[in-house]
Amino acid sequence: MQEIERTFNSKFNYPWTFFNDKEFTEEFKTRTQAETKAKVRYELVPKEHWDMPEWIDENIYKESTEILKEHKVQYADKLSYHQMCRWNSGMFYKHPALKYMQYYWRVEPNVHYFCDLDYDVFRFMQDNNKTYGFNINLYDSPETIESLWPETMKFLSAHPEYLNPNNAMDWLADNKQRPKHNEKANGYSTCHFWSNFEIGDLSFFRGEAYEAYFNHLDRAGGFFYERWGDAPVHSIGLGLFADKNQIHWFRDIGYNHIPYLNCPNSPKCKKCTPGKFYAGEPFLQLEDCRPNWFKYVGPGDMF
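The numbering of the sequence shown is my numbering, which starts it at 262 and goes up by one.
Honestly, I wouldn't trust all of these hints.
[As the list claims (entries may be wrong)] With a Cα cut of at most 30 Å, we get these calculated DSSO-like pairs of lysine-lysine:
| no. | residue 1 | residue 2 |
| --- | --- | --- |
| 1 | K300 | K445 |
| 2 | K290 | K333 |
| 3 | K290 | K330 |
| 4 | K529 | K556 |
| 5 | K308 | K360 |
| 6 | K556 | K437 |
| 7 | K298 | K360 |
| 8 | K339 | K283 |
| 9 | K556 | K272 |
| 10 | K437 | K537 |
| 11 | K323 | K283 |
| 12 | K298 | K441 |
| 13 | K333 | K445 |
| 14 | K290 | K300 |
| 15 | K290 | K441 |
| 16 | K323 | K308 |
| 17 | K437 | K415 |
| 18 | K323 | K441 |
| 19 | K272 | K308 |
| 20 | K415 | K333 |
| 21 | K537 | K556 |
| 22 | K532 | K290 |
| 23 | K445 | K323 |
| 24 | K308 | K330 |
| 25 | K290 | K272 |
| 26 | K531 | K298 |
| 27 | K532 | K272 |
| 28 | K300 | K272 |
| 29 | K445 | K556 |
| 30 | K300 | K537 |
| 31 | K298 | K339 |
| 32 | K537 | K445 |
| 33 | K415 | K330 |
| 34 | K323 | K298 |
| 35 | K415 | K339 |
Honestly, the hints are just simulated from the structure, not real lab data.
Between the sequences and the hints, there should be enough to build the whole structure, so can you do that?
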């Protein structure tokens, strides 16, 4: 929060909205209000948006988590993680606190921002007719989403009218760069926009195509029987139902969520190494899916 205020929001004073499934403490409210001159709101996630849906079989859920644990899937047996992924996939934009907002910037704890931003990113989205902005583009763990692409294909077969003519299907279905990922994920490359950073147009998620897609996935049960994340769900939805040219790479926003980085070569950026993608073991370089996005879509507009 301090870094976003320093690099961006102290110039524009956009409101902050914090969401939680439990009441925020007074200490949290006091400390966060002290970091900004902008309005700050603290919102509870409705139980009906957070709790496991009634159509999920708890016995199957428990059996499934044991199988996922055997495959060393992270957070497999953490119910709150499954709930969070489902909420971020198809519930957050329904919260009453966002009813009159069109754009959002998702901010998570334990991240870093390195570059001064002298322009209004929301105005940029509006003026350039952008639907979504990403920063880091990764491959996912195929063990977490084995049925996500088959369920997506079922939905597309029933609703071909929702497929955008200028879609990013080639990026989603690529099997050249990481063929084993594609095989394990049953036809999905597993490439996704890392959604701990995203700037988006809420009207896309509220739209008929994405809402119908989420409802189909929700009924399929993969948020609980597997460990579908909001990042691949958002990314597939955008790749199929949005115009790919309306998806923007915010190359100028220096960002770090361990262990990955986006660090521009710019005098506006401090405390990161230009061009560095990861911090840790060299194998992490393989997780970068940006080259495939550039191959199929291009790097996008310069700003």
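Query raised in the report: Does the structure keep K537 and K556 at a Cα separation of 30 Å or less?
Result: holds, 20 Å
Query raised in the report: Holds or violated: are the alpha carbons of K445 and K556 at most 30 Å from each other?
Result: holds, 23 Å
Report task. Measure nothing beyond the straight line between the CA atoms of K298 and K360; if it is 30 Å or shorter, mark the hint as holding. Result -> holds, 23 Å
Query - Hinted pair K300 and K537, Cα distance within 30 Å - result: violated, 35 Å
Query raised in the report: Between K298 and K441, is the straight-line Cα distance small enough, at 30 Å or below?
Result: Violated, at about 49 Å.
Query raised in the report: Is K532 close enough to K272, meaning Cα to Cα at most 30 Å?
Result: holds, 21 Å
Report task. Please work out if K300 and K445 have their alpha carbons no farther apart than 30 Å. Result -> Since the Cα atoms of K300 and K445 sit roughly 46 Å apart, the hinted pair is violated (cutoff 30 Å).
Report task. Verify the proposed pairing of K437 with K415, using a straight-line Cα cut of 30 Å. Result -> holds, 24 Å
Query raised in the report: Are the Cα positions of K308 and K360 separated by 30 Å at most?
Result: Since the Cα atoms of K308 and K360 sit roughly 18 Å apart, the hinted pair holds (cutoff 30 Å).
Requested in this report: Assess, step by step, whether the Cα of K300 is no farther than 30 Å from the Cα of K272, and give holds or violated.
Outcome: Distance of about 14 Å is within 30 Å: holds.
Requested in this report: Starting from K532, check that the Cα of K290 is at most 30 Å away, please.
Outcome: Since the Cα atoms of K532 and K290 sit roughly 29 Å apart, the hinted pair holds (cutoff 30 Å).
Report task. With a cut-off of 30 Å on the C-alpha distance, tell me whether K290 and K441 pass. Result -> violated, 46 Å
Checked against the numbered hints given earlier, this structure breaks hints 1, 2, 3, 9, 12, 15, 19, 30, 31, 34; the rest are met.
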